[in-house]
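Participant: Sequence:
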Amino acid sequence: MPLRNKIRAHPHPDRSSSQSRSTPPVTDSPWGPARIALTAFFAVDGFLFAAWVVRIPDVRRQVSASHSALGLALLCLSIGAVLTMPAVGRLCLRYGSRPVTVGSLALLSLAVLLPAHVHSVTSLGAALVLFGAGYGGANVAMNSAAVDLVAQLRRPVMPSFHAGYSFGGLLGTGVSGLLAGPLSTAWALALSGLLGMAVTVGAGVVLLRGPAAPPVVPGRSGGTEGGTEGGTGRASEAAGRADGDAGMDAGRDTGRGGATAAGAGRPSARLLVLLLGVTALCTAYGEGAIADWTTLHLTDDVHASSAVAATGYGAYAFAMAGGRIGGTWLSIRLGQTRLMLLGGLTAAAGMLVAALAPVAPLAIGGFVLVGLGLANLFPLAIARAGEAGGPQGVALASSLGYGGMLIGPVVIGFLADAAGLPLALTTVAVAATAAALLPLSVGRRFR
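Add 442 to the 1-based position in the sequence shown for my numbering, that's all there is to it.
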């Protein structure tokens, strides 16, 4: 299988000496200790975030927040994440991504305890800044370590890491839903943090004792769309598509450096990256809205119990995990443009059902469609931005995408106070439709 991402010696002299200058031999088993440990980190990251999401209604009552005030508090989580990401990227370059992964997950495991002990919207916002710092740092460091490991294994295993995150979120919602009645918010989040710290220590020992994978400089992987759009299904195209899927998640490690792809400065390339960045923004807007408002919608508007409401986010997380597992296969069979179109329209239809359904089972079914539809939109947009503009393209598209995470909670919160949460959530359907249609223009320009 050809390796799209070429491994080069890192140009910075302050790079940790633990990074090997030569590529270690490929192991016979794709599930070595390092991959298992890193998958555990992705899973516990999803678990801790889901444990917080399920308890949002309880914390909202605890601080007596309106929808708009809660939206501003949730904005602090995104601000903490976005402000931390560039600094964590530099730490990964200096000390290596694996130690930074362990440190970030430790911070996240401690910060998840804080929201249960606040009694005002202001203190909740401060707690969520720390929680966001751990969450954003963990995502940058884990993806950076995963990109290096994908190159070392010479297998397109990146989707499995993100599926681990989704399944961790599913487990978190299930466990938190079961504990919603018997345990208080403080005890539930404390136990979640304890589990997170235990996994961090155990998986961290395995990850840090293993030989570090060489750093990867993402390169251009042009031509991934054309062959598969025709459905030829040749083995070389399948390998290229799979490696492209691995490379697309590398965009989430926010600026690991490297030379800009040829033509990145051309106006046409910048326009392509801008369109793809807006696609990522529309997708992230929907993902943020689902994470922050699903349980509130099901409890306040559909009048579901806390346990049933927890299954709403769990169903969404399970559907997204399944969509990501099948993402490589679908992009080979359908082509990226068709997959993004189908995914966006599916998410839009599902969101309308989830927002307007009068009963919980129908609303949860809508969230399943949203999860399936959104699963591959963001990573495919970031991957194609990298093809068009190299590392600078990935950085711009990622920044726009995370901008969607920033504005989503605030927009939904203020619209919910003005017109009700169900109507506010229909804006996710509008954003998903835009995310479905924009790649059509991008696809034509790629040809």
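Source of the hints: derived by calculation from the structure; they are not laboratory data.
Wrong hints could be hidden among the right ones.
Computed beta-carbon distance windows for the label pairs [claimed, not checked]:
| # | residue 1 | residue 2 | range |
| --- | --- | --- | --- |
| 1 | Phe856 | His561 | 21 to 31 Å |
| 2 | Leu879 | Pro653 | 42 to 52 Å |
| 3 | Ser510 | Ser883 | 31 to 41 Å |
| 4 | Val648 | Ala628 | 45 to 55 Å |
| 5 | Val648 | Leu865 | 22 to 32 Å |
| 6 | Pro653 | His559 | 23 to 33 Å |
| 7 | Pro800 | Pro528 | 25 to 35 Å |
| 8 | Arg596 | His559 | 24 to 34 Å |
| 9 | Ser883 | Ser565 | 38 to 48 Å |
| 10 | Trp771 | Ser565 | 24 to 34 Å |
| 11 | Val643 | Arg775 | 40 to 50 Å |
| 12 | Leu879 | Leu633 | 23 to 33 Å |
| 13 | Leu784 | Pro653 | 49 to 59 Å |
Each residue gets a CB set at the ideal place from its N, CA and C atoms; glycine is no exception.
Participant: Could you run down the list of hints and mark each one as holding or not?
Facilitator: Here is how each hint holds up against the structure:
| no. | hint | verdict |
| --- | --- | --- |
| 1 | Phe856 / His561: 21 to 31 Å | 24 Å, holds |
| 2 | Leu879 / Pro653: 42 to 52 Å | 46 Å, holds |
| 3 | Ser510 / Ser883: 31 to 41 Å | 35 Å, holds |
| 4 | Val648 / Ala628: 45 to 55 Å | 31 Å, violated |
| 5 | Val648 / Leu865: 22 to 32 Å | 48 Å, violated |
| 6 | Pro653 / His559: 23 to 33 Å | 41 Å, violated |
| 7 | Pro800 / Pro528: 25 to 35 Å | 45 Å, violated |
| 8 | Arg596 / His559: 24 to 34 Å | 47 Å, violated |
| 9 | Ser883 / Ser565: 38 to 48 Å | 45 Å, holds |
| 10 | Trp771 / Ser565: 24 to 34 Å | 47 Å, violated |
| 11 | Val643 / Arg775: 40 to 50 Å | 42 Å, holds |
| 12 | Leu879 / Leu633: 23 to 33 Å | 44 Å, violated |
| 13 | Leu784 / Pro653: 49 to 59 Å | 41 Å, violated |
Consistency with the previously given hints fails for numbers 4, 5, 6, 7, 8, 10, 12, 13, ordered from lowest to highest.
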